[in-house]
Every structure is written in C-alpha cells, then in structure tokens.
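Enquirer: Given chain A, put chain B in place with the hints provided.
So the protein lines, in turn, are chains A and B. Counting from 1, position 257 in the first sequence corresponds to residue 256 in numbering that gives the first Met the number 0; the numbering is continuous, with no gaps. Counting from 1, position 39 in the second sequence corresponds to residue 38 in numbering that gives the first Met the number 0; the numbering is continuous, with no gaps.
What the hints contain is simulated information worked out from the structure, not anything from laboratory work. Please read these numbers as outputs of a predicted model, since none were measured by experiment. None of the hints are false.
Cβ-to-Cβ under 10 Å is the rule here; a few derived chain A residues that face chain B:
#1 5
#2 6
#3 17
#4 93
#5 98
#6 99
#7 101
#8 282
#9 285
Glycine included, every Cβ here is placed at the ideal spot set by N, Cα and C.
Chain by chain, the residues run as shown.
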Amino acid sequence: MTLALAIARLQLQELLRRRLFLALLVLTAAVIALTTWGFSRIPTLGSPGRPISTTEIAAVASQLLILVMFMFSFVLAFSAVFAGAPAISSEVESGISLALLARPITRTEYVVGKWLGLVATILFYAIPAASFQMLFVRLVVSYTPPRPIEFLAFVIGEAVVIATLALLLSTRLAGMVGGVATLIAWGAAWMAGIVGGVGAFFDNATLTHVGTASKLLLPTDGLWRGAVWSLEPASIIAGARAAGPAAAGNPFFAPDAPPTAYLLWCVLWIAAVLALAVWSFSRREV
Amino acid sequence: MIDAPAIRTHDLAKRYGDITALAGLTMTIPRGDIFGFLGPNGAGKTTAVKLLLGLVAPTSGEGEILGASIGDRDSRRRIGYLPELFRYQSWLTSREVLALHCELAGIDRAAWPRETEDALAVVGLADRATSRVGTFSKGMQQRLGLGVALLGAPDLVILDEPTSALDPVGRHDVREIIRALADRGTTVFLNSHLLTEVEQVCRRVAIVDRGRVVAEGTLDELLGGDSVRVRATGLAREQRAALARFGQLDDEGEWLVVRGIRAESIPDLVAEIVRAGGRVYAVEPRHESLEDRFLTLLGQRH
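If we strip away everything but chain A, and leave its shape as in the complex, we get (with noise of 0.2 Å):
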C-alpha cells in the first residue's frame, strides 16, 4: 500500500500547486477578515440607554458563527467536489494514468490513494481556516463555541463523505458530469433534511420517512446538523426546545447530536462507497 502513499502525495501536491488552492487560501483569509470585522461589531449594537448585555453578545455571535460555518461548510463541499470528481477522469481522458497505470500498482491502491488526497487536502484547509475563524470570533467578542473539535470533526466528515461520492463517480464519468451530480445529490440531501423536519413538526411519517432516508443514503446533512449541534449553547438549545418541534424543520438548528450508531453508520458508507470505486475502477478499461 505505499503506493496508495505515493498516489496520495502525487494528489495533495497537484491540489496544492495548482491556482485554485491558492486563490482558495487567498478568499477564506479574506472571508475570515471581513467577519472578524463583523463580530467585533457586536458589541456596539446595543443603544447608549441599554447597551448589549455578554449573554445577548454571545447568543447574537452563537448565531452568527452557524450561519459563517454553514457557508464555511458549503465552500468545503464545493471544494470537495472540484477535487474529487475529476480526480480519476481527468486522468484517464488526458492519458496520464496510461504511464501511471502500467505500473506494477494496483487500481485498489491507485483509487485509495486518490482518496487519501482528497482527504489530507480537506484536512489541509479545513482545519486552519475554522479555527482561525473560531479563534479570530474569540479574540473579538470573547465567545467560543461549546464543542470545536466536534465541530471541526463533524464538516470534516461531511466533506469526506462528498469528496469520496465525487470519486466514485469519477470513476466512470466525466469531471463536469460527476461534479453537477454530486452537488445535486448533496442539495438534495440537504433539502429532504428540511422536509424530514417538517414531518417531524406536523407528525407525518411520511415526510419524517423522507428525512430518515436520505440521511442514511447521503449522510451529509446529517453531518451537517452534528456540525450546528456542536456550535450552539446550552441556552439556545434549551430555547429552541421550549418552542416545541417547529424548530427541527430549521436547517441552522438541531436539538441532539447524532447518535453513535449514526456515526457507525457513516464511517461504514464511507468505507462502502470507497470500495464500490475501487470495484468501479478495476473493470474500467483505460
């Protein structure tokens, strides 16, 4: 499996030589200064007869920060999908995998190395730009979410999940073509989560069904309501709850963190959907 390593770092430097990381890295620096300016405006909200009180200053920021992350999480999907649905194809129609492929390296070893650099690049922007942006909210309105490293570990996962659709499906279709499905797949996902909470509000099985499924078949909403989880206070949580279910149709709210057999389950779609590519791949003729 060195190979795979091989593969992996062939990846990873592609991703990292190539413009879009840069003007990546180069927008999330921005981003990341323009709503450290945004935050530190908080506190000025208040009127000179009642100024904002810490605990309004942290549940205003609380919200806020959602709503930064979810964008946050939405670039890192997107990204995801820009780097793993031509990760194969590109190199299969362009010709470059003719040389690499002749080589005594196994497709298993070939796809899963794709797919470790997917991963090490996900790691590689996602970690520093969340907490930077996490630290920067910190340093200008002294509010920290409750959970980081969920968090942190919860739209890493998300992006894992889209990243290894994506090279499934570069496995057998074009870049652009694997791209727009993945991305619709996960609006989809996204979309039904909303609708599964709606059917939770009005108690109807079969929107709830709806929701149920499309968490199982693409968990990346699920993972995505693990992420809002893990940025919200107690008393917010504890607000939401005393509204009833109306709020579970909220895609910027969730009231529980996703169970531990949830969490199985993901990993195992992972690995599942990883081995589908590498079945895929093995009887593609290049």
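Expert: Leaving out everything else, chain B in the frame of chain A:
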C-alpha cells in the same frame, strides 16, 4: 523463467460490442528482439499494446509477458512503456516525473538520482530537469515519456508511436536509443505506422490490419529480396512464362516484373530473353521497400 519469450500471445482478442478491435493475435517475440508492429490507423495496434500491459481485459485468448500472465504485477516491474497518448503531470518538473516513476516501478530509492539523471541525459532533457512539464512542447513531452520508459533498465520496452511528435533529429535520436537498448539485450516492441522507421531499426515485424495479423517474419522473409522490371518485345506467351524460373513472374505484356530475383541473376535473365529472340529496351532493378510490401498486403485486403 529467464528463457521464456518476451511476449507470447495466443488468439488474444478484444471486442467492443459489435466492433472487433483485435481479432485473435497469436505471436511470439523472443528476448532481445526489436519487433515492429505495423498497421494503418485503427488496425488494432494500440489495443494490442493495452492488452499486453493489462490496461484492458481481453475478450478471449491469453498471453504471457516475460514468462508471467498478462497484467502480472512483478512482470510489470520489468516493463518500460511509452503510451501513444503521452501526457505527464503538468505541475511536476521532468525530474519529479521520473522520480515518481522510479517509485512506482519499485526501483531502490538510492538509485533514483542516477536513474533520473541518466534518463534525462539519454533523451536530451538534462538542461530542462527542473522545468515544469506544463511548459514543454509535445516533442519534449514525448522525449520525457521515452525517458520514463527507460527507467530501471527494463527487460521489455513497449513504445507506442514513439516519434509521432518528434522532428527528424528527434527521430534519429530515438532510433539510436532503440539500437542501444537492443545492444544491452532489451526487447523492444515498437508500435508504428512509420514504415521507414521500422525498416531502419526492426529485425522482425508483424503487419496488422483490421484487427488481424496479415504477415509476420523477419524483414528479409517479408520483403522476399529484390525485383526487376524488364521491357522486352518479341517473346511469345510461353517464352515469357518460361522466365518464371528466375523468380515470381508478373506478366504485364511488354513489361515483365520478376520478384525475388537475386541481383547477380539479372544479366542471366536478360541473356535468356535475348537468346529466345526478344528485344530488350529497359532493365530496372528494384529493391522492394517495406512500404511496397505493406501497400501490397493491404491492397489485397481492401
């Protein structure tokens, strides 16, 4: 399995639905040979190469490379390959591409610097070792691809149209490289439609058309020696037919073509015509080129 031939195939075939890309390829290529695999575009040459390398699976038939079944991992360590569609990672430098292939080929890490520098020198890219492949012309990329195929002193080098992007100097260089490979005992499988190239370097050739091998053998066997065209009058049909003892006779009336005749027998042929009462106006000895043979073979089929 040192004594096993470099390549042995039996009825190797590839079909895509109703289209037959390669129909029953049977051939044996001994070690150390320079083998030319010839054919017009779309004849199935690249399909054959991909089958030999295990890049596509055969529909039927079987094959062995260096004594192991096609696609065997260990045998792939000892094969160098330059694809027809050659593209290398544009974001890497040429030295990095070579180092990557050293790693993939399982070459000992300590030998990488020597292997990469040697390959760069042989293909004439020593001064572009640190340039990114993305800045290379097609010809330079093909030279790099050739360098990649030479890494690790492989026992078998498969070159698929290795000079398609090269200028005359580059083509000359490639011929020299192929001869040097043969001198050290490497088997070279040269896939090409450039007949003069093949004629200059190959010892044995196979001509493939529409997925079938239509002729195979050494160049001497395939070309069948020289021929002569003689313009003579005054000979009866039977007298002309009697000249067939000099070689394969093509009676075109005034013009007679005798194939497979040795050069020293041409005066005897002329003397025989004169003795029979014929008048000789022209004698044109010809050396049959591979191109003549190729066109004749393909002409019979099309």
